[in-house]
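Student: What the sequence shown shows, in numbering that gives the first Met the number 0, is residues 0 to 256, in sequence order.
Worth flagging that the hints you see were computed from the coordinates, not collected in a lab.
A portion of the hints provided could be inaccurate.
Claimed, not checked - Listed below are the simulated DSS-like cross-link pairs for lysine-lysine, each with C-alpha atoms no more than 30 Å apart in a straight line:
| hint | residue 1 | residue 2 |
| --- | --- | --- |
| 1 | K89 | K17 |
| 2 | K102 | K13 |
| 3 | K102 | K54 |
Said to hold, decoys possible - Each pair of labels, with its calculated beta carbon distance range:
| hint | residue 1 | residue 2 | range |
| --- | --- | --- | --- |
| 4 | N238 | S95 | 37 to 43 Å |
| 5 | E98 | E187 | 41 to 47 Å |
| 6 | T78 | G129 | 25 to 31 Å |
All C-beta atoms, glycine included, are put in the ideal place defined by N, C-alpha and C.
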Amino acid sequence: MRNASNNEIKLLRKLARKKYREKEQRFVVEGERAVEQVLENGLVEVETVFVVEGKAVSDEWSAFSASIEADVFDEVADTENPQGILAVCKMADEISTNELREKSGIIVATDAIQDPGNMGTILRTAAWFGAKALIAGKGSVDVYHPKVVRSTAGATGSIPVLSGELEEIFTELEANGWQILLLDGGAESVNLRSVQPAEKTIIVVGNEGNGISESLLHSKRKKVRIESAPGQDKVESLNAAIAVSIALWGLSDMVIK
0 MRNASNNEIK LLRKLARKKY REKEQRFVVE GERAVEQVLE NGLVEVETVF VVEGKAVSDE
60 WSAFSASIEA DVFDEVADTE NPQGILAVCK MADEISTNEL REKSGIIVAT DAIQDPGNMG
120 TILRTAAWFG AKALIAGKGS VDVYHPKVVR STAGATGSIP VLSGELEEIF TELEANGWQI
180 LLLDGGAESV NLRSVQPAEK TIIVVGNEGN GISESLLHSK RKKVRIESAP GQDKVESLNA
240 AIAVSIALWG LSDMVIK
């Protein structure tokens, strides 16, 4: 196995920052199982697998693997226990609004979701339930942030992503028959179980602290809530990723095909 070049190590350092991930159109996957899953599912192109010096790799990986000294590896890794393996992958092309117009099923949209763990779980859950895409609204954490990638547990690239201004995207998609459901626990919301979703349905989850942005609360958009157990008054709200998971499960039989 060859040694990693200085340029490759410099790139690994740069990819910790969003602006360089966007510039290079590359991101990093860390951990043995996550790298294995990304290689197995073939949803994103793996350019190089980097391993700590002395760690063995399978013959099928050796052609595109390189070793890094232990102290340098610990420096470029994002986690405290990186398991001695990481991979540099190419970002998948974003899906366009034009492509989404013609689809049907469920899309998940995030309105300024900021916690990487939540975003990673939302991506993984959306892919599990067969959602057609994820729309990452302005203010949402980068879907290729190292902690997001780690939270997807190897599912990065398993669902198309569109990033942009939600109001602009929603207006265009609504003109093509997409229904918007806003996850909201307020008194004006209707029980999710009472909703008959359209064949084209977008589930929107709001910011962890502030909920759905006021600018998205149009009268034609339905606010829906997930009911708690009768008499439950000790928990104020659900975690954002959990709320999306329950909504996808509740609507999947009716919409996702």
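Student: Run every hint past the structure and note whether it holds.
Tutor: Tested hints:
| no. | hint | result |
| --- | --- | --- |
| 1 | K89 x K17 | holds (14 Å) |
| 2 | K102 x K13 | violated (36 Å) |
| 3 | K102 x K54 | violated (45 Å) |
| 4 | N238 x S95: 37 to 43 Å | violated (31 Å) |
| 5 | E98 x E187: 41 to 47 Å | violated (33 Å) |
| 6 | T78 x G129: 25 to 31 Å | holds (30 Å) |
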